[in-house]
Amino acid sequence: MNFYLSAILLGLGFSFLAMGIFVSMRIFNIPDITTDGSFTLGGAMTAILLMNGNHSLIVLPVAFIAGAIAGAITGLIHTRLKVNSLLSGILVMTALYSINLGIMGKSNIPLIGINTIFHISGVSEFQSQFIILTFFTVFVFVVLSLLLKTDFGLAMRATGNNETMMSSLGVNTTSMKIAGLALANGLTAVSGYFICQVQGFGDIGMGIGIVILGLGSVMIGEIFLKLFKKSSITLNILAVIFGAIIFRIILAFALSIGVNALYLKLVVALLVLIVVSIPNLKKSQ
Amino acid sequence: MIKLSSISKTFGKGSPNEATIFNDFSYEILKNDFIVVIGSNGSGKSTLLNLLGGTIKSDHGKIFLNELEISELDEHKRSRWIARIFQNPLTGTAPELTILENFRLASLRTGKKGLKFGIGDKFKSTVKEKISVLNLGLENKLSRPMGSLSGGQRQSLALLMAIMDDTRLLLLDEPAAALDPKTSLIVMQLADKVIREFELTALLVTHNYKDVINYGNRVLQLKEGKIERDFRKGPEHELNMKAVFEWFGE
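Keeping their order, the protein sequence lines are chains A and B. If you're matching positions, the first sequence starts at 1 in the numbering used here and goes up one per residue. If you're matching positions, the second sequence starts at 1001 in the numbering used here and goes up one per residue.
Here chain B stands alone, though its shape is the one from the complex (with noise of 0.2 Å):
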């Protein structure tokens, strides 16, 4: 589904602080891979997602989508299929926004934000009917504005919003790091629900060994920018699973 191929990217060029993360690197994502990344700081786990989102582009190398390549297309471009949640809340909503506001903007990803006025019954009750499945009793507040929630309330939505439209790929950047532990296992918990009934390809970024287990299916470690372990879960990768605890220290 994705292919990165022979990837290069250096930081900072020419500067005292310059740094080389990928260097001819590849990798494929298949279809429906869930990928829990691991790697210490500056292994390359958040480049490798803001290279899959577009936020920063590759000094070499290409990026392709079901054969479309997406190397240069500049993130608001690749959002058509790529949806993002980020580690911290409020970099995920718009604060000064409705609730209803928010799924708005969301619902219109690939589509054109023209002089509409697209907030009507109709939306209401799809918005309504879609946060309900929270249970966090948000779909009577609506109109309330996005800063008003906590963060896990906003972490929640935002994984909402990022399958209003036509998704495909879901980049999880950690998105529990910044939440208490129960809010956070049931931010986790709903992230793995969505990944399998709108049965989406996932990156998920984590420190958390725990996350390992519980979620996704294929394991990628990364060591300075290089493929340290790559496997599929299950019984037959029982030693790879335990280098990587090892490597958590657990």
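The following block holds chain A by itself, in its conformation from the complex (with noise of 0.2 Å):
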């Protein structure tokens, strides 16, 4: 049963990850490759910034800034460089690789004995894991949701629907996609900030195609916001937080039926491929 409450504990540390792709993929349409870099940003910081004696509170929102730079240095250059999406994300993602392991000093910081933000005294490290990020996936749910209700949310969600549109209702989209980019890589960072405290370790590789799980997460939610029938932004994010959850759920499924850990990938693309997949294979039939 434990392995299941790990699971569901990952599940709301890539909760913020998810978030951030829905930013980037669903309200802007960008597929941001820059996530793979930007959440070992978060976790590199973390890592880092711990070690060094800093207070986990202080860190939290150091690796969201840091992220929110990456994201909009992506924005700048797909904007005002006029270089594809998908190729700004990979520029930076591939620079980001460089700084992360600059900001290390090596590939692997572990943080035994280091006080992160779980040490809440009185209860087990296990329970305050899950308090801490349930209180937080509910504090940036609950602020998504309300700042994409603002007249600001509005632009930028109508932004990603219909450029055109907004560009001749006076907004200047080009600031708004690099507002956005920030944002979703800012909440990617936060992941990785929580998952290298979760997992007690930074890491250079802990990125590595994280972008798919996020898409996997965001997917997943879709499919469950479908059979609610229901859609409106505040159920949008929600079910993306859903989505991270359950995802981290099937792959411990996965792991428990003697998958070999090794092969998690490879689990991870067979399961994004299949989201991704069965809509179309509605389609065809």
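Note that these hints are calculated values from the structure, not bench results. Treat each hint with caution, since some may be false.
Stated by the list, open to error - To spell it out: a stretch of chain B is covered by chain A in this simulated footprint if at least three of its residues, at any positions, have a beta carbon under 8 Å from a beta carbon of chain A; those stretches are:
id, region
1, 1024-1031
2, 1086-1094
3, 1101-1107
Stated by the list, open to error - Here are some chain A residues pointing at chain B (derived, C-beta under 7 Å):
id, residue
4, S124
5, T150
6, N162
7, T164
8, M165
9, G170
10, V171
None of these values were measured; they are calculated from a predicted model. We put the beta carbon where it would ideally sit given N, CA and C, even for glycine.
Taking the hints as your guide, dock the two standalone chains into a single complex.
Structural data, given as structure tokens:
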């Protein structure tokens, strides 16, 4: 049972990543590969800053801002230099690999004996992980839902939905895209921040293929949403969080039935392939 | 009100597809002009609208709006005064946003899109009142996504959205071309009503000779980026109208 509870914990940790992918992929329609680098960036910043004795609550906004800067750079390359969005993301992700190594100074930083955000006196580490991750997931969910309902959020959503219209309605769509990618990667770095502390180390390879995990979470969430036949921005974000948790539960199930952990990424890829192709198979029938 | 002065525009410069649409083109649009713009494909009708709206910028020449030079202003900055209705009903509205959310954004054309929750009861009743004019029953469906509406409904709403704020110039790029004849008539009549009631200055690009008869007070016929005819509608210009109909093959 603990095995599945751990999966739920990881799901909560990855929910920020899923919300980030929701912003870049679903709101702005940009497949943002920067994610792989900004997730590790969040983890790398967390590991080095915690190791140097900084308080975990101070590290949290720093990780968010670092991720946001990475996203904004991708946005600038894409909008100002007119480079294809996919390539812009790949460029920044590649650059971030070196930057992350530079930040950490080595490829792995263990957090043994270091006070992480999951130290609440009087409760077990597992319980405190659960409490804190639930708190921050709910907090970010509420803030993001409210943000996307403000005038700024409406303009953001409409930019991804119909850029031509928004430009003719007085919105600087270039700035909107940059802001959107900054927000998405800020959230992704927050995921890196939490996952680094859940697993107890920061690693240069922790972000490899993570964009697929986020995408899979968003898509699983959407399948649930279709079952309820209701849609609103709040429900969409909620579904994305559930998608992230369910994704981890499915992976935990795969491991529990004896799939070798070496093949975990293969399982992830297959799972996302199934989720992506189900709607297409239904259509062609 | 609007002055285009010695405008030149060439597309695909240096490529085999290089095409000069305008060369030293000048034109003046007066306040409350409702100009019906006609011409063959490639004559420069859409380019004229794009230059005015700011979707494209001229290579040479200047555009003035009431003495203010707007030639270098980006589209989103010009939208303070200029609204546009596109040929494709899908282009003028955001399909995943609700009717109400679309109207909220339209009402903020000149305003700041800040961290404010702008959709309150007062705003809802304002939109409801505006939409009820259409008689399409949409005033009770404000929470429906725009994408679930028909092309005609979307185009009608886009027209109302265009006048939610301080619009002075309305650019209509074949707004009814993608609609069935009945809906097309409703949309065109609505556009005409809106232009009259709000005393807007407007340009209507069309390929339909009936639009030349039914709408506008001035006709501009373009040919290869030059003015072939430009006249105000009235008995003294019957010969010009006759020539236009002959051009349409009617």
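- Message: Could you work out which of the previously given hints the structure breaks and list their numbers from low to high?
- Response: Checked against the structure, the hints that fail are numbers 1, 4, while the rest are satisfied.
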